[in-house]
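> So the chains spell out like this:
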Amino acid sequence: MKTWQKLRKNPDLWDRYFIREKVITAIRTFFGNQGFHEVETPLLTGSLPPESYVDVFETTLLDRHRKPTRAFLPTSPEPFLKKLLVAGIGNCFSITKSFRNTESQSKTHNPEFTILEWYRVGATYTDIMKDCEELLLFINTYLLRSKAAKGVIDTKTLMYQGKKVSLSSPWERMTITQAFKKYAKLNLEFALTEEKLLPIAKEKGYAIGKNDNWEEVFLQIFLNEVEPHLGRGKPTIVYDYPVILAALSKKKKSDPRLAERFEFYIEGLELGDAYSELTDWKEQKERFESEERERIQLGKISHPIDTDFIDALKVGMPETGGIAVGVDRLIMLFADVSNIADTLFFPAADLFEK
Amino acid sequence: MATITTAQFRKGIFIEFKDEPHQIVDMQFVNPGKGGAFIRTKLKSVKSGRVQDFTFKSGESAVEVMVETHEMQYLYKEGESYVFMDNRSYEQYQIPKPMLGDFISFLKPNDVYQVLIHGDDAIGIRFPKKVYLKVTEAEEGARGNTVSGGGTKLVTVETGLKISVPLFIKSGDTVAIDPETGEYLERA
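Read top to bottom, the protein sequences are chains A and B.
Counting with our numbering, you get residues 1 to 354 for the letters of the first sequence.
Counting with our numbering, you get residues 1001 to 1188 for the letters of the second sequence.
Hints are computed from structural coordinates only; laboratory data are not their basis.
C-beta: ideal position from N, C-alpha, C; glycine also.
You may find that some hints are simply not true.
Some chain B residues flagged as far from chain A (calculated, every beta-carbon gap over 10 Å) [to be verified]:
| # | residue |
| --- | --- |
| 1 | Tyr1093 |
| 2 | Gln1114 |
| 3 | Ala1188 |
Below 20 Å or equal to it, Euclidean Cα-Cα: the simulated SDA-like pairs (lysine to any residue) are [said to hold, decoys possible]:
| # | chain 1 | residue 1 | chain 2 | residue 2 |
| --- | --- | --- | --- | --- |
| 4 | A | Lys107 | B | Ala1037 |
| 5 | A | Lys9 | B | Lys1097 |
| 6 | A | Lys107 | B | Val1063 |
| 7 | A | Lys6 | B | Ala1176 |
| 8 | A | Lys6 | B | Pro1179 |
| 9 | B | Lys1011 | A | Ser106 |
| 10 | A | Lys2 | A | Asp12 |
| 11 | A | Lys6 | B | Tyr1184 |
| 12 | B | Lys1097 | B | Arg1050 |
| 13 | A | Lys9 | B | Gly1182 |
| 14 | A | Lys2 | B | Glu1183 |
| 15 | A | Lys210 | B | Val1063 |
| 16 | A | Lys97 | A | Pro42 |
| 17 | A | Lys107 | B | Lys1097 |
| 18 | B | Lys1042 | A | Lys210 |
| 19 | B | Lys1153 | A | Arg8 |
Construct all of the structure, not just a fragment, from the sequences and the given hints.
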């Protein structure tokens, strides 16, 4: 049954779907109150920043003589917002659609999804952590305001899939190294190379193939042993990732093997990915080139690279903290549903017949 | 036994995991970013019925456990097991409750099911896409019996299960239900 048919049959469902408009209104109010500019970014572009692991959607732009130019659907609004940061827009955010191919068969992915990105000038990732704490509390309070007026509701907690989650700050904070030590009994500091990590994984019982690289093995241990413990009863911020896993973030001054990146989790949902943004154009260019090499190796379609983004960084981007948050997943949380399709009037499954 | 990769993983198949046969009861693709794609599975142990999570690397291989399917008639419940009879050999098999999961609320004595056999044991059934059950208790639709009208009501079917159906369904009707979601599909 299509979603519109379900809604017609069961009008009680409307309230759950209307959580989306309320969450988005709350986000706009939160940033509007702080003087952030909301930016509309393109949904059609001629070039992209290369990301090794993302499959992109391609289409064709025709001029009036029907001469074709390759065109792509963006995988995030990031390059556009950063160009505006260089131009001097100041604090800004965008709520927009982004597109990633080959990610449709999952309860937490839809090929087109709504992404929220915000950038705070002069900030680092620790300021963005505070923003996250405040934003989620703001949305929760906004959603519960009518009930709270009657004085019976605790606006600092929410119920997700039968579990009570306290959004009060401070959230739980742990470095990825601490998280691995605590949950996987593995000292990541001594396992930052393939020669070190792969034997440890084998010892743990993982099947290690010839072509397995460090990132894959790291992620498999993370997904199996660490992630299930994150964000239980309280959001968890995991921070300071190995540089290899942080393509667009600044290295830590105190330990250049790590990058100023964090993710936050609530009840198993990965909701946001934040950086102290990389501003060094040379390093950005190098990382682009290595991502591009990897794309080719993985057989992904090669696309024109957004060199205008590198040009913008050459002019100079201010020190900025920024984050991407999956809005659909945020809505899953506040609507208390376990499938992203239940937050969308038109999920991919309704649009593409099997 | 055959070695397969995650590309051939499907819900319902059986694989060796930690040297024991397990059924893949749920699977999800995850693509957490740099480092490739993964397949998150829920694996149910054939021996204990215990379900555990495991995330495979995309492309990782596993040994598929071959199971045979025999047509069997469901007879009755005995303790925590469900007794089925092979229609050809008349042999009886017991399936432990955890291997049937939520499907127990759709089981109807004398109906024929596709029972999965591994070695000498019945380890589950191949869940049909639809089950047909008779409505035994239904109140008359409060807002008129229009076929197109919205609104649902709760009825009881012959196995005792309560499901939500459109208002026009009456006691004595047979309805098709999706056993995976427990949702009403159509009037049979």
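> Is A/Lys97 close enough to A/Pro42, meaning Cα to Cα at most 20 Å?
holds, 9 Å
> When you check the alpha-carbon spacing of A/Lys6 and B/Tyr1184, does it fall within 20 Å?
holds, 12 Å
> When you look at the beta carbon of B/Ala1188, is every beta carbon of chain A farther off than 10 Å?
Correct as stated: the minimum Cβ-Cβ distance to chain A is 17 Å, above 10 Å.
> Could you grab the alpha-carbon distance between B/Lys1042 and A/Lys210 and see if it respects the 20 Å cut-off?
violated, 26 Å
> For the pair we were handed, A/Lys107 and B/Ala1037, check the Cα-Cα distance against 20 Å.
holds, 15 Å
> Looking at B/Tyr1093 again, its CB stays over 10 Å from all of chain A?
Label holds. Min Cβ-Cβ 33 Å, cutoff 10 Å.
> Take the C-alpha atoms of A/Lys9 and B/Lys1097, compute the straight-line distance between them, and say whether it is at most 20 Å.
With a Cα-Cα distance of about 34 Å, the restraint between A/Lys9 and B/Lys1097 is violated, given a limit of 20 Å.
> Can the restraint linking A/Lys2 and B/Glu1183 be considered satisfied, given a maximum Cα separation of 20 Å?
holds, 13 Å
> Take the C-alpha atoms of A/Lys210 and B/Val1063, compute the straight-line distance between them, and say whether it is at most 20 Å.
holds, 18 Å
> With a cut-off of 20 Å on the C-alpha distance, tell me whether A/Lys6 and B/Ala1176 pass.
Judged against 20 Å, a Cα distance of about 17 Å means the pair holds.
> Is B/Lys1011 within 20 Å of A/Ser106, Cα to Cα?
holds, 13 Å
> Taking 20 Å as the top limit, are the C-alpha atoms of B/Lys1097 and B/Arg1050 close enough?
Within the cut-off at roughly 11 Å; holds.
The earlier numbered hints that this structure contradicts are 5, 6, 17 and 18.
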